[in-house]
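Student: Given the structure of chain A, go ahead and fit chain B with the ligands onto it with the hints provided.
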Amino acid sequence: MTAPALSLKNLSKSFGPAQIINDVNLDIAKGERHAIIGPNGAGKSTLFNLISGLYTPTSGTVSLNGTLISGVPPHEINRMGLSRSFQVSNIFANMTVRENVRCGVLHSLGQGYSFWKSVTSSKAVQEKTFEVLEHCALVDKANTPAALLPYADQRALEIAITIAGGANVILLDEPTAGMSHSETDRAVELIRKSSEGKTLVIVEHDMGVIFDLADRISVLVYGEIIASAPPSEIRGDPKVREAYLGDEALPEETA
Amino acid sequence: MSDATQNHADLAPSTGAKFRQRTLPILIFVAIILAIPMTDPSRTMLTLIHQMAINIVFALAYNMLLGKGGMLSFGHAVYFGLGGYFCMHVMNWIEEGSGIWGSYPTFFLPVMGFVAGGLAAAVIGSFSCRRAGTTFAMISLGVAELVFSGAFMFDSLFGGEQGINGDRMNGPEVFGLSMGPMQDIYWFMAFWTVVGIVAMYAFTRTPLGRLSEATRDNPQRVQFIGYNPTRVRWLVFTISGAFAGLAGGMSAVNYEIFTPEALSLIPSGFVLIMAYVGGITYFAGPIMGAILLTYMSSMMSDFTEAWLLYLGLMFVIIVMYAPRGIAGIVFGFWDGLRGAQSGEFLKRTLIQLAGCLLMLLGLIVLVEVSIRWSNGWGEVFEPYGMHFGHDSILTWIVIVVPIVAGAAILRYLGREKEEMPA
Ligand SMILES: Nc1ncnc2c1ncn2[C@@H]1O[C@H](COP(=O)(O)OP(=O)(O)OP(=O)(O)O)[C@@H](O)[C@H]1O
Ligand SMILES: [Mg+2]
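Just so you know, the protein sequences line up as chains A and B, in that order.
Sequential numbering of the first sequence, starting at 1, is according to full-length UniProt numbering.
Sequential numbering of the second sequence, starting at 1, is according to full-length UniProt numbering.
Hints were generated in silico from the structure; no laboratory data involved.
There could be a bad hint or two in this list.
Said to hold, decoys possible - Straight-line Cα separation of at most 20 Å, PhoX-like style, residue types lysine-lysine; simulated pairs: (1) A:Lys30 / A:Lys198; (2) A:Lys30 / A:Lys193; (3) B:Lys347 / A:Lys123; (4) A:Lys117 / A:Lys141; (5) B:Lys347 / A:Lys117.
So that you can see chain A by itself, here it is in the shape it has in the complex (with noise of 0.2 Å):
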């Protein structure tokens, strides 16, 4: 039996008086896609927060594939395999598109902080780049200053920044918000091509696109799990719907 890629054992974080992550378990299986959600407040980029290092928990663990990580500085995280996108935009604005890809991509091909080296000098480097900016479809905008990207692709270029470093547990909050639809199309298959054969942990408020990616979705409501099962137990839990999915009409309802 392995270890999971992630596993949450009794995590909780309080800030001052108020409990923002109350007690959350959670087991996540090498290469499972899975999904969190919950209603806006709940929890969700503060869990992300305490997974990738950003906050230490007030109790409890996180462990990366069987290692504890509860306490480590995100970039040792970030090296153990860990990779974080942001739900708003967290980009090297003053860099073009390729040069925030390379900067993804540095410390994995072993550059270090080499400062004897043109950062061109590595053909690894500069290939790992060109590879990741075509994967993402941002091949013709490599040299567009960051900041005046589109906001799609800016959102693009979140996850190509995200997934530069080759890490094989991917973490993504809300990669879709604010997208029209044929957008967040684009950006589901994006998410699809890059976590395969990873594990990936997405938030999200878009239904369509969690029940069409997600092997398992959790549901967090003011810091608590109160359900964790395949897309298809949490459409009928009704916990769910009482909880959470209230007054939201389900994919399949609406169809």
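Tutor: Just chain B with the ligands, lined up with the frame of chain A:
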């Protein structure tokens, strides 16, 4: 989607562009350096050029932090000074011939400055770089005060108020330079300036150089691509301190003396102004700032006792109206000339320039008249045979009219631009 024939090489700047942007400027710079001795410059001129060389390297080192790293330091002269002081000691060891130092050429003293400045920055940076932003700036100020006052306590290291002096004409000669005459020092300065510029430019192209910019813009995201922003800042700080020390070493050889003033807040502030006025967003900005301000500080003090006031005024105006500095103005002008509506642009720029000159004229008369008036020695500002007494109504007309007219022109242009759609 891209077609299959495209590859990663197509995305990089073309060889032609690289040559124009990187190789050509350095070639021009070297050509100027080689041409200067042919004009048989005077001693005053050489003194000025040497100071410019030192300041160019120092300002570029400083901009590694401020422009590329986003770290505002109020005490970077500490590393310039410590590098320079160490070079003074080495200079004296060379003279004594103690140990291996007897065979160390003075020409390579800046290497020692580089090492000393870098070591000092590595030690101090190990705690100051843990925080960015305002905290970092405050720590740099505190450290500068600390080192400056410490320098007066350790006389054997810093030589008290007299400082430490030495004689550069010792040790083995290299490149046939005895290091005595100013002409020899010229080549010494030329060599280290080019080395400094090329090395610091190359640094911006390295992985660490790129990460430094990434950390400046978005330290949080840097963590999630596998890098520790604190570590990036510390490394950049150390390298920047090392190049400041290199400039200190150039200064040690040039003046053969270092005093604690070199560590004080005054040169720290001056290097900030040089870099900022030149333009911190451009690599070449600090070079322009260093040349201009060195020139101003040595020449303008001969013309007017109010030159510090002009310096301050210029700094404030740049900060408020031209935050991209001289380089921003120069490159902006260049781009405008090559742009689509170059005729229109040129017209605008000339009117703008006229407005600025008018205001400047009024301001100069105002400053010069006021300073003589407040000195109370009955001196009168008399440029080109004119006579501007503070009690003459004509004087105040010459002050007020150009300032108001210039301001009106600039305001009008500003409005017009706002109304234009693009
Ligand atoms: N650093 C913080 N300090 C204090 N409170 C915080 C902090 N971060 C998050 N919170 C609070 O935690 C709660 C959950 O926030 P979080 O961003 O995790 O929600 P979310 O589920 O991602 O919501 P959304 O769907 O809107 O993105 C919110 O009430 C928020 O105000
Ligand atoms: Mg959120």
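Student: If you test the structure against every hint from before, which numbers come out violated?
Tutor: 3, 4, 5
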